[in-house]
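With the sequences and hints as input, model every part of the structure.
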Amino acid sequence: MSKSKIAKVLLSVLMVLSVFLFSACGPNTNNSGSSNQSSSNQDISGTATAVGSTALQPLVEQAATLFNQKYPNATINVQGGGSGTGLTQVAQGAADIGDSDIYAEEKSGIDAKSLVDHKVAVVGFAVVVNKDVTIDNLTQQQLVDIFTGKIKNWKEVGGPDEPIVVINRPTSSGTRATFKKIVLGGQDEVQGLALTEDASGTVRKTVAEKKGAISYLAFSYLDDSVKALKYNGVAPTKENVINGTYPIASYEHMYTKGEPKGVVKAFLDFMMSDEVQKGPAEKLGFININDMKVTLK
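According to mature numbering (1 follows the signal peptide of the UniProt record, and there is no 0), the residues represented by the sequence shown are -23 to -1, 1 to 274, in order.
Since the hints were derived computationally from the structure, they do not count as laboratory data.
Ideal Cβ placement from N, Cα and C applies to all residues, glycine included.
Possibly wrong hints are sitting among the right ones.
[Unchecked claim] Capping the alpha-carbon separation at 27 Å, the derived lysine-lysine pairs in DSS-like fashion look like this: (1) Lys108 - Lys187; (2) Lys270 - Lys158; (3) Lys157 - Lys204; (4) Lys96 - Lys260; (5) Lys234 - Lys96.
[Stated by the list, open to error] Computed Cβ-Cβ distance ranges for the label pairs, DEER-style: (6) Asn45 - Ala71: 16 to 24 Å; (7) Val211 - Ala71: 36 to 44 Å; (8) Asn130 - Asp251: 18 to 26 Å; (9) Gln118 - Glu236: 39 to 47 Å; (10) Pro147 - Ser202: 17 to 25 Å.
In structure tokens form, the structure reads like this:
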């Protein structure tokens, strides 16, 4: 073979090898998805504020922490203050999200038509008493009589001979609005004997420390420091809320003024993801809307 032909063969071999080497050193298509995902995570950025319901607050706080871990450039600031505060602030544009235990239409002075409702969970509420109260059940009528001041001593409902101390919630509380609507039939709670406490954590602490105390808390705040009572003989459990036998429950709403965009929309979508619904939501005692067998009023 002539030298020129040998040179041409060698040149062809080198060209083929260069193609293989280029392909091997080029982008790995198997990793391109994770690369795009990382880029996508970086694209979600900004800060948003969620204000309102203290019943919903523990879930929103934990979801916000997970959201920040997933999207390092995004921050969700979470504050309490009650459902009324959340609705007022989101309606005024002072907050991006208004957390509420009640529908915006139930709050006076709110332009509900300007708000968009995002139902993110169902929450049950339990009547709680100090652990020295030796009863485990109250009927609706007994609760009406206690919270309107007609019954003032626990011995009148089979408990110890000691005064009943009603721990009340402020008018801005969505928990109070839910309890008043479902249990009290809209009747006003007793004044004078009642204490007014704002945050759910404070209510729990007061009930735990005050002999003869009674109030109501979201399932997410129940622990061994207080006693949760049956209502009309039905235990306050997730299963009983789902099947409709335990009626003291409400939707948890996260309202926005208009349709959400950017980091706010991303966070609301995240709230409905399995990562939240099957994670902190379940652990905290909240109920996935999709699990409900009845529709709440």
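Tested hints:
A threshold of 27 Å between alpha carbons decides the hint, and for Lys108 with Lys187 the separation of about 9 Å falls inside it, so the pair holds. Of the supplied pair hints, the one linking Lys270 and Lys158 holds, its CA atoms being roughly 21 Å apart against a limit of 27 Å. This hinted pair checks out: Lys157 and Lys204 have alpha carbons roughly 20 Å apart, not beyond 27 Å. In summary, the hint linking Lys96 to Lys260 is supported, as the alpha carbons are separated by about 19 Å, within the 27 Å threshold.
With a C-alpha separation of about 14 Å, the suggested pairing of Lys234 with Lys96 holds against the 27 Å cut-off. Between Asn45 and Ala71, the C-beta spacing of about 22 Å keeps the proposed range 16 to 24 Å intact. Remark: the range hint 36 to 44 Å for Val211 to Ala71 is upheld by a beta-carbon distance near 40 Å. One distance hint, 18 to 26 Å for the beta-carbon pair Asn130 and Asp251, is violated here, with the actual separation near 49 Å.
For Gln118 and Glu236, the hinted distance range of 39 to 47 Å is satisfied, since their beta carbons lie about 44 Å from each other. For Pro147 and Ser202, the hinted distance range of 17 to 25 Å is satisfied, since their beta carbons lie about 22 Å from each other.
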